[in-house]
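Here the structure of chain Z is known, so what remains is to put chain B in place on it, guided by the hints.
Sequence order for the protein chains is Z and B. Quick note on numbering: my numbering labels position 304 of the first sequence as 309, and the sequence is numbered without any gaps. Quick note on numbering: my numbering labels position 276 of the second sequence as 281, and the sequence is numbered without any gaps.
Each hint should be verified, as a subset may be incorrect.
Any copy, or any two copies together, can satisfy a pair, since identical chains are not distinguished.
As the list claims (entries may be wrong) - Think about it this way: if two alpha-carbon atoms lie no more than 27 Å apart in a straight line, the pair counts; the simulated DSS-like pairs of lysine-lysine are:
#1 K16 x K128
#2 K266 x K117
#3 K346 x K161
#4 K48 x K174
#5 K265 x K129
#6 K229 x K7
#7 K174 x K16
#8 K131 x K16
#9 K129 x K305
#10 K21 x K7
The set of hints was computed from the structure by calculation and includes no laboratory data. Model, not experiment: these values are computed from the prediction.
There are 2 protein chains.
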Amino acid sequence: MKNFTYYVPTKIHFGKNQIQHLPEEVASFGKRVLLVYGAGSIKTLGLYDEVYRLLDDCTIVECSGIEPNPRIDSVRKGVKLCKTHNIDVILAVGGGSVLDASKGIAAGALSKEDPWELTLDAKKIKVALPILSVLTLSATGSEMDQTAVITNPETKSKRGFASDLLFPKVSICDPTYTYTVSAFQSAAGVADIMSHIMETFFHHEEGCDISDQVAIDLLKTCVKYGPVLLDEPDNYEARANIMWAGTWAINGFLVAGPGKKWSCHAMQHILSAYYDVTHGATLALLEPAWLAYILNDTNKDRIARFAREVFHVEEENTRACATLGIQKLYAFFTETMKLPKNFEELGIPTDANLEALAKECVKVRPGGHIDGYEVLEANDVYEIYKRCM
Amino acid sequence: MKNFTYYVPTKIHFGKNQIQHLPEEVASFGKRVLLVYGAGSIKTLGLYDEVYRLLDDCTIVECSGIEPNPRIDSVRKGVKLCKTHNIDVILAVGGGSVLDASKGIAAGALSKEDPWELTLDAKKIKVALPILSVLTLSATGSEMDQTAVITNPETKSKRGFASDLLFPKVSICDPTYTYTVSAFQSAAGVADIMSHIMETFFHHEEGCDISDQVAIDLLKTCVKYGPVLLDEPDNYEARANIMWAGTWAINGFLVAGPGKKWSCHAMQHILSAYYDVTHGATLALLEPAWLAYILNDTNKDRIARFAREVFHVEEENTRACATLGIQKLYAFFTETMKLPKNFEELGIPTDANLEALAKECVKVRPGGHIDGYEVLEANDVYEIYKRCM
Chain Z
6 MKNFTYYVPT
16 KIHFGKNQIQ
26 HLPEEVASFG
36 KRVLLVYGAG
46 SIKTLGLYDE
56 VYRLLDDCTI
66 VECSGIEPNP
76 RIDSVRKGVK
86 LCKTHNIDVI
96 LAVGGGSVLD
106 ASKGIAAGAL
116 SKEDPWELTL
126 DAKKIKVALP
136 ILSVLTLSAT
146 GSEMDQTAVI
156 TNPETKSKRG
166 FASDLLFPKV
176 SICDPTYTYT
186 VSAFQSAAGV
196 ADIMSHIMET
206 FFHHEEGCDI
216 SDQVAIDLLK
226 TCVKYGPVLL
236 DEPDNYEARA
246 NIMWAGTWAI
256 NGFLVAGPGK
266 KWSCHAMQHI
276 LSAYYDVTHG
286 ATLALLEPAW
296 LAYILNDTNK
306 DRIARFAREV
316 FHVEEENTRA
326 CATLGIQKLY
336 AFFTETMKLP
346 KNFEELGIPT
356 DANLEALAKE
366 CVKVRPGGHI
376 DGYEVLEAND
386 VYEIYKRCM
Chain B
6 MKNFTYYVPT
16 KIHFGKNQIQ
26 HLPEEVASFG
36 KRVLLVYGAG
46 SIKTLGLYDE
56 VYRLLDDCTI
66 VECSGIEPNP
76 RIDSVRKGVK
86 LCKTHNIDVI
96 LAVGGGSVLD
106 ASKGIAAGAL
116 SKEDPWELTL
126 DAKKIKVALP
136 ILSVLTLSAT
146 GSEMDQTAVI
156 TNPETKSKRG
166 FASDLLFPKV
176 SICDPTYTYT
186 VSAFQSAAGV
196 ADIMSHIMET
206 FFHHEEGCDI
216 SDQVAIDLLK
226 TCVKYGPVLL
236 DEPDNYEARA
246 NIMWAGTWAI
256 NGFLVAGPGK
266 KWSCHAMQHI
276 LSAYYDVTHG
286 ATLALLEPAW
296 LAYILNDTNK
306 DRIARFAREV
316 FHVEEENTRA
326 CATLGIQKLY
336 AFFTETMKLP
346 KNFEELGIPT
356 DANLEALAKE
366 CVKVRPGGHI
376 DGYEVLEAND
386 VYEIYKRCM
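Extracted from the complex, chain Z is given alone in its bound form (with noise of 0.2 Å):
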């Protein structure tokens, strides 16, 4: 069990009509609001509306179209309208990308620097403005954490950054919000929060019973309710259960005890900064190939532990109830949940230069690899790409 600081200091209201809570929140910070969500599902969901009956004494500017993988000009815009106008307090109305978004903007309003210099470097963030969300996406978990990610179309780059200075200050999570999202969304949501928690449980560290148990139990309630979505989707007690089960596999407490040596989420960045591909679809890929790739025989009695206990495997043979928890995992992402099957049918195309991808992935990581469960050289993403073709 490594020495860790465990630090989340985001209020959670969380169940049905919890944004109630919203102008007395919001009051604490100040009246001048930037409203931040992408592409109008907040209206369709009546939220726009309710937020402006809710704030009808503040003021609000509005910046919206923040896209599915947020990029740097729409921080850039965030941030322009915060200095425009003065705003006081960001209220980020979305899933994820809104967030991610929101942080970049508040990290960039009260700064001189170029957000994207801020991403590159997060030292260099020194204040922020404060963030309030209202989350409609069980997904990435950054209504309770303090990173982001951002990309840059013109580098070809998605970077993700941290500070404790973006923790929202507040996140309403009401898992009503999140009936209506797609069937589609609703299983890469899914698969992001599971690539999260087993990135996480999948680590050489002894002694961490506490993060290990819960992190399997993230995962068998992600394995519960998940295909509930599909079938059901506004049943309260899947969506309750995904969308807590999403907050708490990446808020910091499973990494405490285990530290933080993830592998999937590296060779992800990079295949979405090039095809604007889902992020948790592209996941659900990689995280069966990846585990099939790295398999050996010091790592196997980890594998074949979450094999039993998440898919209750019952093979007596280690290294064969790995490989038996490997193809349930990519069963359950690809038949269960139905997501893309391979990278073609995610998006990427069959003659991307996956081989010049692996080395870019690679290049931008220090000491050029991922340094994670298994450390990953360029051949070795290569490897795991072409698994996902």
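For chain B alone, coordinates are given in the frame of chain Z:
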């Protein structure tokens, strides 16, 4: 799954030598420190000298001699010191009692009210001094929650109160500081932790998968590592897992969804107010006696689940399984953890008027009864007390 608000802003530095963070953390709140501690074990541990060494640029005022069930007079003494010496920040070094007393002091220091009035009506707490803690005992979880329990010997009452202003800002949780905790106190701490978890796990709310599973995990962690504390007091892995389990047992995570309807703590408080018995050791008797008394056809499934998952009871008949689990729980506390087997061994005289205590116990509750997992009237409490004799 009930609606809930989850808010736990305490920063935890967990692990060996994390006290190195103390100077920077204190510095962010000021230079005039009230050092609160108990009987002096922090001197044996070397912590006392370490605090003076690390905070050599601060003015330290001492408030020592905090009792195991902290008394209102100790709180009053601390409040007076804060006012006299214009204290900026409270540093609690000790276990739950020192932390709870510090919370009372923090609330009283900036108030004109007598501290006992604040425990009776926590809404009167409008502002409080910041609290930092260095934990030396795994039990109450007070290092990461907003509650405190204070005893008033004059009125023979023990009051729990809570305010979001009383979360410690920072808690340093170094498992090595608990190596020297006696076998009895270690066991009582484990019983206290398990009681916090069970009080929440036994609920009637549907669909709280995550809370339920984590509760089971934390109980399994206690059952696995608790006995190790007695055999190998300096086993880091065991001390660390128990410490982290203790924090999460009661910091607000488990009640997110099920809500909080506790039973045994209400029955315990009156006993330690009258007899100054060890909190955790008393709970170790009350929990199994309570479960055995309330077991019925409505709650047998959940108690049987507890029996199967925590104590691996394999009996197929649900009610019999539940009963066996309760017996295993009693045996775990009294045989494995070597805690007192009955009230007499605990220190409650055989001629204690349990009927009168039961009446007094429920009298102070809203509605005149304990509104817990099952409603308990005075005669129910009396029957449960008798089972502990």
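Evaluated hints:
1. K16 x K128: both (24 Å within a copy, 19 Å between copies)
2. K266 x K117: Classified as neither; 32 Å inside a copy, 51 Å across copies.
3. K346 x K161: Close inside one copy (25 Å), not across copies (68 Å); limit 27 Å.
4. K48 x K174: Result: close within a single copy only, 24 Å intra versus 39 Å inter.
5. K265 x K129: Only inside one copy: K265 and K129 sit 22 Å apart there, 42 Å across copies, limit 27 Å.
6. K229 x K7: between (31 Å within a copy, 20 Å between copies)
7. K174 x K16: Both. Shortest intra-copy (6 Å) and inter-copy (15 Å) distances satisfy the 27 Å Cα cut-off.
8. K131 x K16: Both: 22 Å inside a chain and 19 Å across chains, each within 27 Å.
9. K129 x K305: Close neither inside one copy (41 Å) nor across copies (57 Å); limit 27 Å.
10. K21 x K7: between (38 Å within a copy, 9 Å between copies)
Taken one by one, the earlier hints fail for this structure at numbers 2, 9, listed in ascending order.
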